[in-house]
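Taking the hints into account, I'd like the entire structure generated from these sequences.
Residues in the sequence shown are numbered from 229 upward in steps of one, following this note's numbering.
Rather than coming from a laboratory, the hints here were simulated on the basis of the structure. Every residue, glycine too, gets a C-beta built ideally from N, C-alpha and C. Mixed in with the good hints there might be a few duds.
[Said to hold, decoys possible] Quick list of the computed label-pair ranges, beta carbon to beta carbon:
(1) Thr299 - Ser420: 26 to 34 angstroms
(2) Arg396 - Lys359: 50 to 58 angstroms
(3) Asp273 - Thr435: 43 to 51 angstroms
(4) Pro408 - Ala358: 49 to 57 angstroms
(5) Ala358 - Ala436: 49 to 57 angstroms
(6) Pro394 - Gly291: 26 to 34 angstroms
(7) Gly434 - Met285: 41 to 49 angstroms
(8) Ser474 - Thr406: 18 to 26 angstroms
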Amino acid sequence: MDDSPARVFGRKNPRASAIVITGTFLLSASALIAHDRISTKVTWDREIAPIVRARCMSCHTVGGRAPMPLTTYEEARPWARAIKEEVLTRRMPKWRVVRGYGDFANDPSLSSFEVALIAAWADGGAPASAKATAGMPSDPARATADKLALSSAAATAPVTPVDRPPTRSTTLSCATRTLPAGRLVALMPTLSEGGSLRLNLELADGTAEPVLWIREFDPGFLETYWLRNPLTITRGTRFSAAFSGSCTLTALFSARTAR
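See below:
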């Protein structure tokens, strides 16, 4: 049985996962709580919790899609090193869209600054608050790393709530070549497990607009992809879709009547 952090974080059935995770793995995670020397000024309360709330809470809540909640310090602390590994390898937060292909308002991907903060926190003993770092031994190398991470945090773009206007939807096969007219605000594809979809709009001037590219679709993590910049679809606009396996596409349009 594979109980690596990647396997545990990626389980599809969180309730079943709680049963099958072995006691050995849980013990090894729990053992991280004690005896780690605090050597960082990056804390859960000040830097890490806001990142987790913004990027991870859609899945890592009690009863959520992920195998463990990360809503509190006590829940997250045993997983500090595993969290670091997952974010450094970009396996988490889970996001199946190929980066740079399309632009989505609900993309939970971490900035390099946020990754640096999480790594500094985990490597430095994962302290809860500034109180835990009081009297911390001097470590010039760690202080330099913390300074870089904390200064970078100031440059991190704040996460803004996704605007979800009233919508009307249409569901069609990915083999269909046309979309209804309207203001396209979001897409929700459903593919075979492990399937892929690459979607382009063919505009009236002959150019192609890249919209969405998904690899290794996971039915356990159905997602609605909200376009950061909604697209105006005129009558007769065509799209091209390259996909594997079965594929249906639910397109969400602004509920306002298209003109």
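- Broken hints, by number: none
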